[in-house]
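Colleague: For reference, the chains in residue letters:
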Amino acid sequence: MTSAVTPAHTEANVPPPLVRVEEVVKHFPISAGIFGHAIVHAVDGVSLTIKAGETLGLVGESGCGKSTLGRVIVRLQPATSGHVYFRDIDLTRLHGEKLRRTRQQMQMIFQDPYASLNPRMAVGDIIAEPLRNFGIARGRRAEAQVQEVMRVCGLNPNFINRYPHEFSGGQRQRIGIARALVLNPTFIVADEPVSALDVSIQAQIVNLMEDLQDQFNLTFLFIAHDLSVVHHMSDRIAVMYLGKIVEVGPSDDVRDGPLHPYTKVLQSSVPIPDPDLEAGRRPILLTGEIPSPVNPPSGCRFHTRCPIAQPICSEKEPPLERKLDGRLAACHFPGKL
Amino acid sequence: MTAVDGVSFEVDRGETVGIVGESGSGKTMTALSILRLVPEPGRITAGRILFGEKDVVHMTDEEIREFRGADVAMIFQDPMTSLNPVLKVGFQVEEAMAAHNRFTRGQAHDRVIPMLQRVRIPDAPARVRDYPHQFSGGMRQRAMIAMGLSNEPSLLIADEPTTALDVTVQASIIELLRDLNREMGAAVILITHNMSVIASLCQRVIVMYAGRIVEEGPTRAIFKNPEHPYTWSLLRSIPRVDERTHEKLVSISGLPPDLSNPPPGCRFHPRCRYRVDRCFTDEPDLIDVGASQRARCWVLMRNVLAESKTDR
Numbered sequence: 004m005t006s007a008v009t010p011a012h013t014e015a016n017v018p019p020p021l022v023r024v025e026e027v028v029k030h031f032p033i034s035a036g037i038f039g040h041a042i043v044h045a046v047d048g049v050s051l052t053i054k055a056g057e058t059l060g061l062v063g064e065s066g067c068g069k070s071t072l073g074r075v076i077v078r079l080q081p082a083t084s085g086h087v088y089f090r091d092i093d094l095t096r097l098h099g100e101k102l103r104r105t106r107q108q109m110q111m112i113f114q115d116p117y118a119s120l121n122p123r124m125a126v127g128d129i130i131a132e133p134l135r136n137f138g139i140a141r142g143r144r145a146e147a148q149v150q151e152v153m154r155v156c157g158l159n160p161n162f163i164n165r166y167p168h169e170f171s172g173g174q175r176q177r178i179g180i181a182r183a184l185v186l187n188p189t190f191i192v193a194d195e196p197v198s199a200l201d202v203s204i205q206a207q208i209v210n211l212m213e214d215l216q217d218q219f220n221l222t223f224l225f226i227a228h229d230l231s232v233v234h235h236m237s238d239r240i241a242v243m244y245l246g247k248i249v250e251v252g253p254s255d256d257v258r259d260g261p262l263h264p265y266t267k268v269l270q271s272s273v274p275i276p277d278p279d280l281e282a283g284r285r286p287i288l289l290t291g292e293i294p295s296p297v298n299p300p301s302g303c304r305f306h307t308r309c310p311i312a313q314p315i316c317s318e319k320e321p322p323l324e325r326k327l328d329g330r331l332a333a334c335h336f337p338g339k340l
Numbered sequence: 653m654t655a656v657d658g659v660s661f662e663v664d665r666g667e668t669v670g671i672v673g674e675s676g677s678g679k680t681m682t683a684l685s686i687l688r689l690v691p692e693p694g695r696i697t698a699g700r701i702l703f704g705e706k707d708v709v710h711m712t713d714e715e716i717r718e719f720r721g722a723d724v725a726m727i728f729q730d731p732m733t734s735l736n737p738v739l740k741v742g743f744q745v746e747e748a749m750a751a752h753n754r755f756t757r758g759q760a761h762d763r764v765i766p767m768l769q770r771v772r773i774p775d776a777p778a779r780v781r782d783y784p785h786q787f788s789g790g791m792r793q794r795a796m797i798a799m800g801l802s803n804e805p806s807l808l809i810a811d812e813p814t815t816a817l818d819v820t821v822q823a824s825i826i827e828l829l830r831d832l833n834r835e836m837g838a839a840v841i842l843i844t845h846n847m848s849v850i851a852s853l854c855q856r857v858i859v860m861y862a863g864r865i866v867e868e869g870p871t872r873a874i875f876k877n878p879e880h881p882y883t884w885s886l887l888r889s890i891p892r893v894d895e896r897t898h899e900k901l902v903s904i905s906g907l908p909p910d911l912s913n914p915p916p917g918c919r920f921h922p923r924c925r926y927r928v929d930r931c932f933t934d935e936p937d938l939i940d941v942g943a944s945q946r947a948r949c950w951v952l953m954r955n956v957l958a959e960s961k962t963d964r
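In the order they appear, the protein sequences are chains A and B. For the working numbering, add 3 to where a residue sits in the first sequence, where the first one is 1. For the working numbering, add 652 to where a residue sits in the second sequence, where the first one is 1.
To be clear, the hints were calculated from the coordinates, so they are not data collected in a lab. We treat Cβ as the ideally placed atom computed from N, Cα and C, and that holds for glycine.
Think about it this way: if two alpha-carbon atoms lie no more than 30 Å apart in a straight line, the pair counts; the simulated DSBU-like pairs of lysine-lysine are:
1) B:Lys900 - B:Lys876
2) B:Lys876 - B:Lys961
3) A:Lys267 - B:Lys876
4) B:Lys900 - A:Lys54
5) A:Lys326 - A:Lys54
6) A:Lys54 - A:Lys267
7) A:Lys319 - A:Lys267
8) A:Lys267 - B:Lys900
9) B:Lys900 - B:Lys961
For each label pair, taking beta carbons as the anchor points, the in silico distance ranges come out as:
10) B:Arg695 - A:Ser295: 45 to 51 Å
11) B:Ile701 - A:Phe219: 51 to 57 Å
12) A:Asn121 - B:Thr697: 40 to 46 Å
13) B:Val956 - A:Ile42: 54 to 60 Å
14) A:Asn161 - B:Glu835: 55 to 61 Å
15) A:Thr95 - B:Met732: 36 to 42 Å
Sample of chain B residues lacking proximity to chain A, with all beta carbon distances greater than 10 Å (derived):
16) Glu812
17) Leu832
18) Asn913
19) Thr933
Between the sequences and the hints, there should be enough to build the whole structure, so can you do that?
Modeller: If you want it as structure tokens, here you go:
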């Protein structure tokens with residue numbers, strides 16, 4: 004067991020985290036032309052802890068592996084190696100009925116409310132399906148629970164017999180949330196839950212998720228590409244780049260004083276809805292393109308685009324380690340950009 | 653269905669104007685109308701579109717062909733829909749010039765690499781021979797902008813040019829549009845749902861809702877003192893990365909209306925938290941509410957906010 008190195012365990016009086024991710028690796032084999040096979044290093048040695056009742060925001064750009072990591076954590080996909088502990092149960096070693104039972108407490112909300120609902124099922128059946136799958140309730144009792152959870156999610160319980168196409172995008176996302184909530188889970192992975200929605204609807208869903216968290220004492224892993232939404236939703240933020248976590252810390256600290264140059268670049272790139280502030284702000288622009296996860300760069304993966312890279316950055320990979328109280332970064336020159 | 657209803661606005665030479673609205677607000681249709689590109693069976697049923705002295709609505713086919721691309725260029729959200737996948741990028745930029753009469757074939761050929769350099773495509777002399785699939789999303793959008801600007805148009809219409817891109821790439825495209833607007837003097841109409849991008853790039857903003865302009869004015873004025881409740885709510889519905897205290901976002905309840913059957917009175921009244929009786933029956937005009945700021949509202953946020961102050 005390598006749990007001794009997990010920072011939360013070295014301090015006294017700290018409750019153990021609800022979810023502990025240890026050195027998780029997820030590789031996808033792809034066929035690469037006539038010469039056979041290559042490997043996509045989607046998630047490459049990620050360790051994280053998520054405390055009970057908190058929202059951990061996971062932010063990064065497309066292709067960084069954040070969605071894959073979310074799916075591996077709830078075991079929608081098996082990890083290539085590494086461990087995911089949920090209340091000290093190693094999910095990566097569970098199978099069959101035991102895995103199913105543990106999973107009952109972990110649910111997922113997806114980005115696309117159009118693709119994640121079966122168009123041929125009535126909304127009541129979509130939301131009741133987890134109840135039936137786990138043999139929790141059937142018939143009248145299931146219906147009562149479904150109507151209750153619809154009410155909680157801001158849906159009209161009389162619409163139980165309607166089909167997904169009869170609902171707007173925002174309402175469909177509420178259906179997705181209701182389905183995740185009906186099993187009374189403790190932990191929810193939300194993968195870009197608002198990015199497909201119109202601006203005025205995004206606020207409805209963000210507010211709903213915050214209310215539900217308070218009401219049911221939920222723990223969230225909130226995955227998104229937009230640092231402003233992630234900052235708004237999260238207690239702590241983890242920043243991901245090319246399969247690796249490059250920085251973790253409390254939301255305000257990460258925003259106000261990024262330690263990793265990539266975090267700084269992200270923060271400077273997000274526009275602020277204030278023309279006076281924007282007039283004095285210039286983004287730090289990155290040169291080059293995001294490298295391929297098939298053949299990631301040596302040393303620090305960000306060194307090919309980092310404005311302050313030094314020779315050591317291409318030679319030695321900086322470990323994700325504590326730099327300040329409660330803050331981790333994987334950088335040889337933290338806070339220097 | 654009336655997708656765009658009685659929309660009037662002007663764009664000055666060299667100006668940057670943002671049109672902001674949600675899906676179905678009519679912002680894209682407005683822009684397509686400027687180029688007379690409204691998709692079938694849609695039609696421009698009334699109104700005029702003046703480019704200088706010329707009325708675009710009554711141009712001949714020959715005139716409109718020269719107008720599109722040479723006087724006004726448009727770039728879209730997904731550059732792949734506008735780039736031909738089987739032709740080299742450099743060739744497509746050259747074609748854009750050859751299709752019009754500003755440059756000879758020889759001049760067009762010589763201008764390709766400088767145009768790609770102008771939009772900051774690194775290693776342009778080598779990359780002219782690449783195909784679009786060899787470009788990243790951000791680079792494709794740059795290539796599109798190079799095509800659009802190759803004939804030195806006086807107006808560039810950008811329809812959600814950064815929506816499909818990552819934030820760091822979005823930032824670089826916005827910077828590029830800002831620089832090109834300064835260097836080349838082309839006016840820019842930026843169509844977006846993202847208020848923050850408008851704050852970063854545009855001098856003036858037009859807010860559309862359900863086919864109507866509900867508010868317009870200088871960007872600073874609109875962001876500091878929005879008078880229409882829709883604009884006000886929209887600005888408070890987005891989390892700001894610089895927020896100091898955690899406040900609940902203002903959410904706008906309900907949905908935008910079905911435009912084949914728009915609500916009577918003010919089109920926003922079913923979702924408006926500050927509506928009064930009159931809003932249900934009479935549609936307000938776009939009236940002056942400040943220095944070149946206009947809003948279409950019976951109530952106006954200044955009155956709402958003044959009242960809430962006296963309440964306290």
